[in-house]
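Protein chains in written order, with my numbering: chain A, 1 to 286; chain B, 1 to 254.
Please keep in mind that the hints were generated in silico from the structure rather than gathered at the bench.
If you're wondering where the values come from, they're calculated on a predicted model, not measured in any experiment.
Note that beta-carbon positions come from the ideal geometry of N, C-alpha and C, so glycine has one too.
A couple of the hints might just be wrong.
To be verified - Straight-line alpha carbon distances no greater than 30 Å define the calculated DSSO-like cross-link-like pairs of lysine-lysine that follow:
no., chain 1, residue 1, chain 2, residue 2
1, A, 141, A, 7
2, B, 6, A, 141
3, A, 139, B, 161
4, A, 195, B, 218
5, B, 81, A, 141
6, A, 225, A, 256
7, A, 141, B, 218
8, A, 30, B, 161
9, B, 218, A, 139
10, B, 81, A, 139
11, A, 221, A, 7
12, B, 222, A, 139
13, B, 60, B, 11
14, B, 218, B, 6
15, A, 30, A, 196
16, A, 196, B, 218
As the list claims (entries may be wrong) - Partial list, derived from the structure: chain A residues whose beta carbon lies under 7 Å from chain B:
no., residue
17, 79
18, 99
19, 111
Stated by the list, open to error - FRET-style restraints, in silico, Cβ to Cβ:
no., chain 1, residue 1, chain 2, residue 2, range
20, B, 32, A, 94, 46 to 54 Å
21, B, 195, A, 241, 29 to 37 Å
22, A, 194, B, 240, 52 to 60 Å
23, A, 140, B, 49, 27 to 35 Å
24, B, 88, A, 140, 54 to 62 Å
25, A, 140, B, 8, 19 to 27 Å
26, B, 185, A, 241, 45 to 53 Å
27, B, 32, A, 140, 43 to 51 Å
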Amino acid sequence: MAVLELKDVTFKYQLAKETILENISLSIEKGEFVALVGRNGVGKTTLCSIMRGLIPTFHTGTMSGQVLLNGIDISDMSIGDLALHIGFVFQNPFVQVSGVKQTVFEEIAYGLENLGVERSEIIRRVDEMLVQLNIGHLKLKHPMQLSGGQSQRVALASVLVMDPGILIIDEPTSQLDPQGTEEVFETIRLLKERKKTIILVEHKVDWVAEYADRVIVINDKHIVKDASASEVFSDPMLLETGNNLPQVALLALRLKESGKTDIENIPTTLDEAYQQLKGRIDHGSH
Amino acid sequence: MLERRKGPLSKLYPLTKLVFLFCAVILAIVFDWRFGYLVMVPLTLFLAAFSGNFFSFLKKFIGALLLFVIFVFLFKIMLDKSDSQILFQWQFIVIRIQGLIDGLNQTSVLVVMAAVVLLFFETTEVEDLMISLQQKKVSHVVSYIVLSTLQMIPDMVKRSKVIMQAQQARGIETEGNIYLRMRAFFPSLGPLIISSISELEERAITLEVRGFSASVEKTFLKDIQSRSIDRILSLGFIFLSMALIGWRIYVWLF
Numbered sequence: 001m002a003v004l005e006l007k008d009v010t011f012k013y014q015l016a017k018e019t020i021l022e023n024i025s026l027s028i029e030k031g032e033f034v035a036l037v038g039r040n041g042v043g044k045t046t047l048c049s050i051m052r053g054l055i056p057t058f059h060t061g062t063m064s065g066q067v068l069l070n071g072i073d074i075s076d077m078s079i080g081d082l083a084l085h086i087g088f089v090f091q092n093p094f095v096q097v098s099g100v101k102q103t104v105f106e107e108i109a110y111g112l113e114n115l116g117v118e119r120s121e122i123i124r125r126v127d128e129m130l131v132q133l134n135i136g137h138l139k140l141k142h143p144m145q146l147s148g149g150q151s152q153r154v155a156l157a158s159v160l161v162m163d164p165g166i167l168i169i170d171e172p173t174s175q176l177d178p179q180g181t182e183e184v185f186e187t188i189r190l191l192k193e194r195k196k197t198i199i200l201v202e203h204k205v206d207w208v209a210e211y212a213d214r215v216i217v218i219n220d221k222h223i224v225k226d227a228s229a230s231e232v233f234s235d236p237m238l239l240e241t242g243n244n245l246p247q248v249a250l251l252a253l254r255l256k257e258s259g260k261t262d263i264e265n266i267p268t269t270l271d272e273a274y275q276q277l278k279g280r281i282d283h284g285s286h
Numbered sequence: 001m002l003e004r005r006k007g008p009l010s011k012l013y014p015l016t017k018l019v020f021l022f023c024a025v026i027l028a029i030v031f032d033w034r035f036g037y038l039v040m041v042p043l044t045l046f047l048a049a050f051s052g053n054f055f056s057f058l059k060k061f062i063g064a065l066l067l068f069v070i071f072v073f074l075f076k077i078m079l080d081k082s083d084s085q086i087l088f089q090w091q092f093i094v095i096r097i098q099g100l101i102d103g104l105n106q107t108s109v110l111v112v113m114a115a116v117v118l119l120f121f122e123t124t125e126v127e128d129l130m131i132s133l134q135q136k137k138v139s140h141v142v143s144y145i146v147l148s149t150l151q152m153i154p155d156m157v158k159r160s161k162v163i164m165q166a167q168q169a170r171g172i173e174t175e176g177n178i179y180l181r182m183r184a185f186f187p188s189l190g191p192l193i194i195s196s197i198s199e200l201e202e203r204a205i206t207l208e209v210r211g212f213s214a215s216v217e218k219t220f221l222k223d224i225q226s227r228s229i230d231r232i233l234s235l236g237f238i239f240l241s242m243a244l245i246g247w248r249i250y251v252w253l254f
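All chains should be modelled from the sequences, with the hints used to inform the complete structure.
Put into structure tokens, the structure is as follows:
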């Protein structure tokens, strides 16, 4: 059974002239890692807010359709209780600070205090999260005095520590350097191993291609493609929607177009490209 | 967890200090200037020193009250036309003992209030106070509003500085005489208020995402407990205050 399901969802912001999303239907299974891609302003964050129940409660507008969490319409659930099931990491980490905590350690612990977790368990889980996201050195710093990258990791830690079954993560690496990005994706990989359901908005398609099970492409208010990561990222049509393809896929497509290779399966990850190249080199050398 | 305030008074349960604060203010209302100036001011100074916050406390105390107290004293002294003993006379300035006593009486409650409130915040984390109130079943929404409001003030001061710097970067003169400063200050109010309102909405969403209104009983990372000494002190303050008020009423009546 789907853990999260959207049925024919349409939404228009209160002061907008047009709808931002129309007739969106999708179903996400437990333990699935789904990536949402699309150019800026296409409605990815709006879709995340709808799935988390923040729309239409906080961002008002006209919404039709249904969002079901484990078969229950989320409009019948309290928005506070949804935090027990769905975690949401915002695009802008600076607004994800509670504003009442004096240290990063306390900030990460705040969600657990709200969920009524025992003190000793809070300390254990926060310590674990500090190590996992490599932010132990920040634990006594004030949450408002962090750099963009540091804030982004703290925001991610603050939600991950609550251990919800479903995680919606909106561009968690936008302010991170390559090493930080790798660490975040490594954390997401660990979450996937723990059978968490992950919905990720991310523009860094090379990383998405490596990790995601499924990619949903949004364009012009609709879902235009919903398939496996390798299928989506090997399709040059994606470029026409203002999105990018992984570097290895672009290279392979360019070689194919120029007639330099008869490659059939466009690789979308470094590993796939390596295997194909290795096979050809091995084949050529014999 | 991180201990930000040190000293013996910071180890007391916040509500114990709150009881002391209320008792002191009530007694200052009931008694005359001698209680405020001769008992409470020296006592709060002593407690601040005992807690290792003497200079910080003194600086805030003087900063908060000096101008006000001087103004009230001047006002009272100038207006006093009683025939009480003259303490000092120079040209048209005449300081009589009655004017001085009126000044002391007028300022006594405020001085005590400022002294105990400043001492309270000098030795108490606001968050600790909120936790202790929640332990006494005060709504977590109320405690969040109080806590975030108190912490929002320094954030707004910081943001206003950033806005002023942005104005400067665009060539607007923000330094100089009072007229120039005022001209730079008012246009910065708009962005400051709008950004603060927009932050409020984002803050509300953040809180929901962090389970603020989840229907479970909250727990606290900080281990704040009322100990025996707190209960003894609280009861002591209450009984002492009641005894002093009773004595005061007795003196009034008989």
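Okay, the hints, checked on the actual structure:
1. Taking the CA atoms of residue 141/A and residue 7/A, the gap is about 44 Å. The hint is violated against a cut of 30 Å.
2. Distance restraint check for residue 6/B and residue 141/A: the Cα-Cα separation of roughly 18 Å lies within the 30 Å cut-off, and the hinted pair is therefore satisfied.
3. Of the pairs offered as hints, the one joining residue 139/A and residue 161/B holds, with about 27 Å between alpha carbons and a cut-off of 30 Å not exceeded.
4. Distance hint between residue 195/A and residue 218/B is fulfilled; the C-alpha atoms sit about 27 Å from each other, no more than 30 Å.
5. Our distance criterion of 30 Å between C-alpha atoms is broken by residue 81/B and residue 141/A, whose separation comes to about 59 Å.
6. For a cut-off of 30 Å, the pair hint linking residue 225/A to residue 256/A stands: about 23 Å separates their Cα positions.
7. Using a Cα cut-off of 30 Å, the hinted pair residue 141/A and residue 218/B holds, with the two alpha carbons roughly 24 Å apart.
8. The suggested pairing of residue 30/A with residue 161/B is violated, with an alpha-carbon distance near 48 Å, which exceeds 30 Å.
9. Taking the CA atoms of residue 218/B and residue 139/A, the gap is near 22 Å; set against the 30 Å cutoff, the hint holds.
10. The suggested pairing of residue 81/B with residue 139/A is violated, with an alpha-carbon distance near 64 Å, which exceeds 30 Å.
11. A distance of roughly 15 Å separates the Cα atoms of residue 221/A and residue 7/A; the hinted pair therefore holds under the 30 Å criterion.
12. A C-alpha spacing of about 15 Å is found between residue 222/B and residue 139/A, which places the hinted pair at or below 30 Å, so the restraint holds.
13. The straight-line distance between the Cα atoms of residue 60/B and residue 11/B is roughly 22 Å, inside the 30 Å bound, and the hint therefore holds.
14. Pair hint residue 218/B plus residue 6/B holds up; C-alpha atoms about 27 Å apart against a cutoff of 30 Å.
15. Straight-line distance between C-alpha atoms of residue 30/A and residue 196/A comes to about 7 Å, which keeps the hinted pair within the 30 Å bound.
16. The hinted pair formed by residue 196/A and residue 218/B meets the criterion: a straight-line CA distance of about 25 Å does not exceed 30 Å.
17. For residue 79/A, the interface hint holds, since its Cβ comes within 7 Å of a Cβ in chain B; the closest pair sits about 5 Å apart.
18. Contact between residue 99/A and chain B, as hinted, is supported at the beta carbon level, the nearest pair being about 5 Å apart and thus within 7 Å.
19. For residue 111/A, the shortest C-beta to C-beta distance to chain B is roughly 4 Å, which falls under 7 Å, so the interface hint holds.
20. At roughly 53 Å, the beta-carbon separation of residue 32/B and residue 94/A lies within the given 46 to 54 Å, and the hint holds.
21. Taking the beta carbon of each, residue 195/B and residue 241/A are about 34 Å apart, inside 29 to 37 Å as hinted.
22. In this structure the supplied range 52 to 60 Å holds for residue 194/A paired with residue 240/B, their Cβ-Cβ distance being about 58 Å.
23. Here the CB-CB span from residue 140/A to residue 49/B is close to 28 Å, well matched to the stated 27 to 35 Å.
24. Checked against the hint of 54 to 62 Å, the C-beta distance between residue 88/B and residue 140/A comes to roughly 55 Å, which is consistent with it.
25. Evaluation of the 19 to 27 Å hint for residue 140/A and residue 8/B yields a pass: the beta carbon distance comes to about 24 Å.
26. The hinted range of 45 to 53 Å is satisfied by residue 185/B and residue 241/A, whose Cβ atoms lie roughly 48 Å apart.
27. Distance hint check for residue 32/B and residue 140/A: the Cβ-Cβ separation is about 48 Å, which falls inside the suggested range of 43 to 51 Å.
Of the numbered hints stated above, those contradicted by the structure are hints 1, 5, 8 and 10, listed in ascending order.
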